[in-house]
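S.K.: Single-letter residue listing:
Protein chains: 2
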Amino acid sequence: MVPKKNREIVLAGIPKGMPSEGDFRLEETDIPKCRDGEVLIRTLYLSVDPYMRGRMSGVKTYISPFQLNNAIVGGIVGEVVETMSSDLKTGDIVEGNLGWRDYNAADSRELRKINPDLAPVSTALGVLGMPGLTAYFGLLDIGKPQQGETVVVSGAAGAVGSTVGQIAKIKGCRVVGIAGSDTKTRYLTEKFWFDAAVNYKTSPDLKKALKDACPHGVDVYFDNVGGEISDAVMPLLNYKARIALCGQISQYNSEKTDTGPRIQPYLLVKSALIKGFIIMDYADRQEEGRAQLARWIKDKKLKYTENIVEGLENAPAAFIGLFKGENLGKQLVMVSEPSR
Amino acid sequence: MVPKKNREIVLAGIPKGMPSEGDFRLEETDIPKCRDGEVLIRTLYLSVDPYMRGRMSGVKTYISPFQLNNAIVGGIVGEVVETMSSDLKTGDIVEGNLGWRDYNAADSRELRKINPDLAPVSTALGVLGMPGLTAYFGLLDIGKPQQGETVVVSGAAGAVGSTVGQIAKIKGCRVVGIAGSDTKTRYLTEKFWFDAAVNYKTSPDLKKALKDACPHGVDVYFDNVGGEISDAVMPLLNYKARIALCGQISQYNSEKTDTGPRIQPYLLVKSALIKGFIIMDYADRQEEGRAQLARWIKDKKLKYTENIVEGLENAPAAFIGLFKGENLGKQLVMVSEPSR
Numbered sequence: 159m160v161p162k163k164n165r166e167i168v169l170a171g172i173p174k175g176m177p178s179e180g181d182f183r184l185e186e187t188d189i190p191k192c193r194d195g196e197v198l199i200r201t202l203y204l205s206v207d208p209y210m211r212g213r214m215s216g217v218k219t220y221i222s223p224f225q226l227n228n229a230i231v232g233g234i235v236g237e238v239v240e241t242m243s244s245d246l247k248t249g250d251i252v253e254g255n256l257g258w259r260d261y262n263a264a265d266s267r268e269l270r271k272i273n274p275d276l277a278p279v280s281t282a283l284g285v286l287g288m289p290g291l292t293a294y295f296g297l298l299d300i301g302k303p304q305q306g307e308t309v310v311v312s313g314a315a316g317a318v319g320s321t322v323g324q325i326a327k328i329k330g331c332r333v334v335g336i337a338g339s340d341t342k343t344r345y346l347t348e349k350f351w352f353d354a355a356v357n358y359k360t361s362p363d364l365k366k367a368l369k370d371a372c373p374h375g376v377d378v379y380f381d382n383v384g385g386e387i388s389d390a391v392m393p394l395l396n397y398k399a400r401i402a403l404c405g406q407i408s409q410y411n412s413e414k415t416d417t418g419p420r421i422q423p424y425l426l427v428k429s430a431l432i433k434g435f436i437i438m439d440y441a442d443r444q445e446e447g448r449a450q451l452a453r454w455i456k457d458k459k460l461k462y463t464e465n466i467v468e469g470l471e472n473a474p475a476a477f478i479g480l481f482k483g484e485n486l487g488k489q490l491v492m493v494s495e496p497s498r
Numbered sequence: 159m160v161p162k163k164n165r166e167i168v169l170a171g172i173p174k175g176m177p178s179e180g181d182f183r184l185e186e187t188d189i190p191k192c193r194d195g196e197v198l199i200r201t202l203y204l205s206v207d208p209y210m211r212g213r214m215s216g217v218k219t220y221i222s223p224f225q226l227n228n229a230i231v232g233g234i235v236g237e238v239v240e241t242m243s244s245d246l247k248t249g250d251i252v253e254g255n256l257g258w259r260d261y262n263a264a265d266s267r268e269l270r271k272i273n274p275d276l277a278p279v280s281t282a283l284g285v286l287g288m289p290g291l292t293a294y295f296g297l298l299d300i301g302k303p304q305q306g307e308t309v310v311v312s313g314a315a316g317a318v319g320s321t322v323g324q325i326a327k328i329k330g331c332r333v334v335g336i337a338g339s340d341t342k343t344r345y346l347t348e349k350f351w352f353d354a355a356v357n358y359k360t361s362p363d364l365k366k367a368l369k370d371a372c373p374h375g376v377d378v379y380f381d382n383v384g385g386e387i388s389d390a391v392m393p394l395l396n397y398k399a400r401i402a403l404c405g406q407i408s409q410y411n412s413e414k415t416d417t418g419p420r421i422q423p424y425l426l427v428k429s430a431l432i433k434g435f436i437i438m439d440y441a442d443r444q445e446e447g448r449a450q451l452a453r454w455i456k457d458k459k460l461k462y463t464e465n466i467v468e469g470l471e472n473a474p475a476a477f478i479g480l481f482k483g484e485n486l487g488k489q490l491v492m493v494s495e496p497s498r
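Residue numbers (the numbering used here), protein chains in the order written: chain A, 159 to 498; chain B, 159 to 498.
The hints are simulated quantities; they were obtained by calculation from the structure and are not laboratory data.
It should be emphasised that the depicted structure is a prediction, and the values quoted were computed from it without experimental measurement.
Among the hints, a few may not be true.
Since the list can't tell identical chains apart, any single copy or any two copies may satisfy a pair.
No farther apart than 27 angstroms at their CA atoms in a straight line, the calculated lysine-lysine pairs in the DSS-like style are these [to be verified]:
#, residue 1, residue 2
1, K398, K414
2, K414, K365
3, K247, K458
4, K302, K398
5, K359, K461
6, K414, K162
7, K218, K398
8, K218, K191
9, K366, K218
10, K365, K482
11, K365, K218
12, K414, K366
13, K461, K349
14, K218, K369
15, K414, K369
16, K218, K174
17, K271, K482
18, K271, K302
19, K349, K369
20, K327, K459
Whole structure, please, built from the sequences with the hints as guidance.
M.R.: Right, dumping it as structure tokens:
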């Protein structure tokens with residue numbers, strides 16, 4: 159039964175620095191009508207991701223900014239409850255880039271149908287979705303880890319980082335994670351098979367701690383964080399090191415251009431490479447990546463953790479939590495339960 | 159006739175910041191004896207190159223440091239005047255990495271014989287030597303310029319930069335040079351076919367000047383200089399831009415780690431790449447590069463400029479001049495004239 163009223167979360171203001179709950183507003187709206195080719199989707203899970211902070215700045219980066227007083231848009235998994243499309247039927251589970259709403263209407267061509275027998279449907283937003291594919295392509299296409307090399311991952315306990323580390327282990331590397339709590343570093347070494355993990359918040363000398371964890375230097379650095387954490391990695395780079403630049407979460411809430419030691423001299427003396435990327439760069443290879451990730455999960459070589467809060471109204475807090483280092487693994491918001 | 163006494167220039171002290179003539183000393187020594195397999199070489203030209211500053215720091219980078227009170231070692235073209243090797247005969251012209259001396263003895267296997275009929279032998283230290291090959295591999299292998307793209311070169315009037323710009327023109331690109339005098343910028347557009355050139359010393363707003371010169375943004379940046387000049391290029395990068403990181407001459411005399419705006423956010427939003435390199439990375443492809451450069455010179459598609467001072471005793475001043483922006487094209491020191 160579709161209710162009469164819909165709810166959505168809109169951007170109420172452009173955050174200054176760290177976003178606050180006041181930058182968001184829960185509004186009551188109407189349930190949208192399905193037009194030809196569209197389906198009505200009841201949101202099961204919505205995804206909060208660090209990159210979304212960039213869309214709240216009012217400035218176009220690689221993606222257009224969120225509009226004030228419009229619903230936040232992000233990765234959503236939902237169930238089709240009405241259909242005007244021959245492609246999808248009621249009860250189908252789909253994934254798409256949709257509004258933070260209880261119900262969305264969307265063209266079926268902009269949705270991806272999920273096989274719920276393969277894995278829990280929430281993984282379409284995590285290890286089998288954007289974060290998993292980001293880890294897969296960034297590490298393998300830019301990092302190109304070779305057996306016996308040392309791979310360092312910042313933001314290692316997040317959805318992307320924990321997947322990067324495990325893929326690097328599959329490739330036979332020594333894997334060192336950087337994270338912000340002892341719970342996280344313990345998790346990395348105990349659950350995710352990392353060889354070592356460094357707590358950047360409590361290490362009295364991060365450079366030394368990393369050097370101790372990387373006795374043979376760093377061949378691949380998968381960077382989700384940037385700032386002083388990356389500064390500490392640079393002096394450890396080996397000849398022809400590769401840096402996959404995935405995110406800079408330490409900078410997203412910065413209100414001015416951040417300065418730091420220039421990295422070019424480090425890259426120069428080591429013939430090292432650094433390359434930024436976004437998952438859209440690999441738009442034509444998503445199925446390859448998803449199939450490989452699913453195989454590794456089936457073979458029990460790849461694990462994942464989800465951190466789920468309940469209630470659409472709690473999405474802003476879950477999003478803000480990303481920047482406080484609260485999540486371990488993929489942060490999701492459960493908005494409703496599937497009908498079966 | 160080989161004289162009785164040799165002269166050499168030794169490193170007298172580790173320069174602090176900008177090197178001074180007091181950091182070098184001219185000494186009288188003996189003419190070395192040839193051992194089996196060796197030849198005695200009379201220096202015709204010696205090369206002064208910015209990278210050599212790094213070898214004067216007392217610290218190992220990608221190459222071991224010069225030793226105090228030992229001769230400076232660099233690229234030299236010379237004439238064989240005595241031979242104990244079946245590979246080389248008297249009168250042959252060779253190129254090698256040798257001491258700043260009137261005469262060097264060296265194993266023939268560490269020398270490359272030059273064909274003096276192909277081009278003036280001095281070009282073995284310039285456009286057909288390390289600087290030319292550096293331009294060739296850095297631009298084509300890392301920059302990968304495509305027809306119609308915009309290529310920006312810093313240090314554009316130097317031996318490497320002027321070659322980079324011309325190769326980019328051969329590849330059908332819009333080429334913009336950055337240099338430090340109006341004489342140089344005029345030279346770039348008038349002699350070397352650059353589409354535009356910016357004088358970074360006199361531009362009141364370097365970012366604006368570059369933006370005006372690059373109306374379609376920057377696809378490839380070949381960086382010889384670093385520092386604030388590179389800071390001004392970063393905001394202009396296009397999607398999937400490539401930066402070939404060749405040198406950082408603005409930093410070589412810096413006594414502390416230089417800081418500046420972090421570049422990772424620029425690389426991230428543009429999926430851009432930056433890669434350091436040295437010519438040794440392409441050790442196995444030198445002949446390919448040299449052959450192509452020679453063909454372009456023969457076809458009058460590639461020009462070069464040499465700036466030649468005379469006298470071994472003037473080598474330190476010529477070297478120091480590199481950091482004052484004195485040279486236009488390849489800076490050489492002529493030590494003696496060929497016997498024929």
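S.K.: Each hint: holds or not?
M.R.: Okay, the hints, checked on the actual structure:
no.: 1; hint: K398 <-> K414; result: between (32 angstroms within a copy, 25 angstroms between copies)
no.: 2; hint: K414 <-> K365; result: both (25 angstroms within a copy, 18 angstroms between copies)
no.: 3; hint: K247 <-> K458; result: neither (32 angstroms within a copy, 68 angstroms between copies)
no.: 4; hint: K302 <-> K398; result: both (11 angstroms within a copy, 18 angstroms between copies)
no.: 5; hint: K359 <-> K461; result: within (26 angstroms within a copy, 56 angstroms between copies)
no.: 6; hint: K414 <-> K162; result: neither (45 angstroms within a copy, 66 angstroms between copies)
no.: 7; hint: K218 <-> K398; result: between (33 angstroms within a copy, 17 angstroms between copies)
no.: 8; hint: K218 <-> K191; result: neither (30 angstroms within a copy, 69 angstroms between copies)
no.: 9; hint: K366 <-> K218; result: between (39 angstroms within a copy, 20 angstroms between copies)
no.: 10; hint: K365 <-> K482; result: within (23 angstroms within a copy, 35 angstroms between copies)
no.: 11; hint: K365 <-> K218; result: between (35 angstroms within a copy, 20 angstroms between copies)
no.: 12; hint: K414 <-> K366; result: between (29 angstroms within a copy, 20 angstroms between copies)
no.: 13; hint: K461 <-> K349; result: within (8 angstroms within a copy, 61 angstroms between copies)
no.: 14; hint: K218 <-> K369; result: between (38 angstroms within a copy, 18 angstroms between copies)
no.: 15; hint: K414 <-> K369; result: between (31 angstroms within a copy, 22 angstroms between copies)
no.: 16; hint: K218 <-> K174; result: within (17 angstroms within a copy, 45 angstroms between copies)
no.: 17; hint: K271 <-> K482; result: neither (33 angstroms within a copy, 63 angstroms between copies)
no.: 18; hint: K271 <-> K302; result: neither (31 angstroms within a copy, 39 angstroms between copies)
no.: 19; hint: K349 <-> K369; result: within (23 angstroms within a copy, 50 angstroms between copies)
no.: 20; hint: K327 <-> K459; result: within (9 angstroms within a copy, 50 angstroms between copies)
The structure shown violates the earlier hints numbered 3, 6, 8, 17, 18.
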